[in-house]
Amino acid sequence: GDSVTQMEGPVTLSEEAFLTINCTYTATGYPSLFWYVQYPGEGLQLLLKATKADDKGSNKGFEATYRKETTSFHLEKGSVQVSDSAVYFCALSLNNAGNMLTFGGGTRLMVKP
Amino acid sequence: SAVISQKPSRDICQRGTSLTIQCQVDSQVTMMFWYRQQPGQSLTLIATANQGSEATYESGFVIDKFPISRPNLTFSTLTVSNMSPEDSSIYLCSVEDPGQYYGYTFGSGTRLTVV
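Those protein sequence lines, which keep their order, are chains F and Y. Last residue of the first sequence: 113 (my numbering), numbering continuous. Last residue of the second sequence: 115 (my numbering), numbering continuous.
In case anyone wonders, no lab produced these hints; they're calculated from the structure. Note that the structure is a prediction, hence the values are computed from the model and not measured. Do not rely on the hints blindly, as some may be mistaken.
[Claimed, not checked] Here are a few chain F residues that sit away from chain Y, every Cβ distance over 12 angstroms (derived from the structure):
(1) THR12
(2) LEU13
(3) SER14
(4) GLU16
(5) THR20
(6) ASN22
(7) THR26
(8) GLU42
(9) THR65
(10) HIS74
(11) LYS77
(12) GLN81
(13) VAL82
(14) GLY104
(15) GLY106
(16) VAL111
[To be verified] 35 angstroms max Cα-Cα, derived DSBU-like pairs, lysine-lysine:
(17) LYS112/F x LYS7/Y
(18) LYS52/F x LYS77/F
(19) LYS77/F x LYS7/Y
(20) LYS68/F x LYS52/F
(21) LYS60/F x LYS112/F
(22) LYS112/F x LYS77/F
(23) LYS56/F x LYS77/F
(24) LYS77/F x LYS60/F
(25) LYS7/Y x LYS60/F
Positions of the beta carbon are idealized from the N, C-alpha and C atoms, including for glycine.
Given only the sequences and the hints, what does the whole structure look like? Please build it.
Put into structure tokens, the structure is as follows:
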């Protein structure tokens, strides 16, 4: 079945450090890929997405590129801030109407001042 | 993007009782999804709810434990029945958002603690 694997956390960084959170997937079709963020005590918010190979999603300084050849969608940010501390979820959805999201296990990011 | 109002935001319940969680969407949507997030874990899909038909449950989830209603295209409820401490989780509803190409919007979640 479809699955998403992301690096385990927590990831602890100092402010302004470079961030990479790895995400790889297995899918029977051609999925859309997503990164969601969950700030403490809140629900999930869509951070960025990519719907086909080689697409790059970007938002709030974060970016991720859909790599079909390596089945990956790694999240990167050049300079993290304390306010980026949250749990990040990689997810996929097959491109059919009504398909639900399949989530990775989540990666907690802690940014220290 | 769609806006989802989910309530209650949190509750503490006695074991053996039931809690009904509501999700109201500000636009009509075909599919609504209910997820569970156990403490420190990722999200697991409970069921998919279509208006006018019975919900489709994922493996490990049954209608008697998690009955779902979907009376119209903007509203759904999930009931957690005969609760035990193992049901303590965050429950989230989600919709496929027509404002986002293949995107999904989530409610803010219901944090349930069963004592």
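Is the nearest CB of chain Y more than 12 angstroms from the CB of GLN81/F? Nearest chain Y Cβ is 23 angstroms from GLN81/F, so the label holds.
Regarding the assertion that THR20/F does not contact chain Y, is the least Cβ-Cβ distance greater than 12 angstroms? holds, 19 angstroms
Any Cβ of chain Y at or closer than 12 angstroms to LYS77/F, or is the non-interface label fine? About 20 angstroms separates LYS77/F from the closest Cβ of chain Y, which puts it past 12 angstroms; holds.
Since SER14/F was said not to touch the interface, does its Cβ keep a gap of more than 12 angstroms from each Cβ of chain Y? holds, 24 angstroms
Mind verifying the non-interface call on GLY104/F? Its CB should be farther than 12 angstroms from each CB in chain Y. Answer for GLY104/F: violated, closest chain Y Cβ roughly 6 angstroms.
Regarding the assertion that GLY106/F does not contact chain Y, is the least Cβ-Cβ distance greater than 12 angstroms? violated, 5 angstroms
Below or equal to 35 angstroms on CA atoms is what counts here, so check LYS56/F against LYS77/F. holds, 13 angstroms
Are the Cα positions of LYS112/F and LYS7/Y separated by 35 angstroms at most? Within the cut-off at roughly 33 angstroms; holds.
Consistency of the no-contact label for THR65/F, given chain Y and a CB cut of 12 angstroms: holds, 17 angstroms
Is the Cα-Cα distance between LYS77/F and LYS7/Y 35 angstroms or less? holds, 34 angstroms
THR12/F remote from chain Y - nearest C-beta pair above 12 angstroms: holds, 17 angstroms
Given pair status - LYS60/F, LYS7/Y, alpha carbons within 35 angstroms: holds, 29 angstroms
This entry does not satisfy hints 8, 14, 15, going by the numbered hints stated previously.
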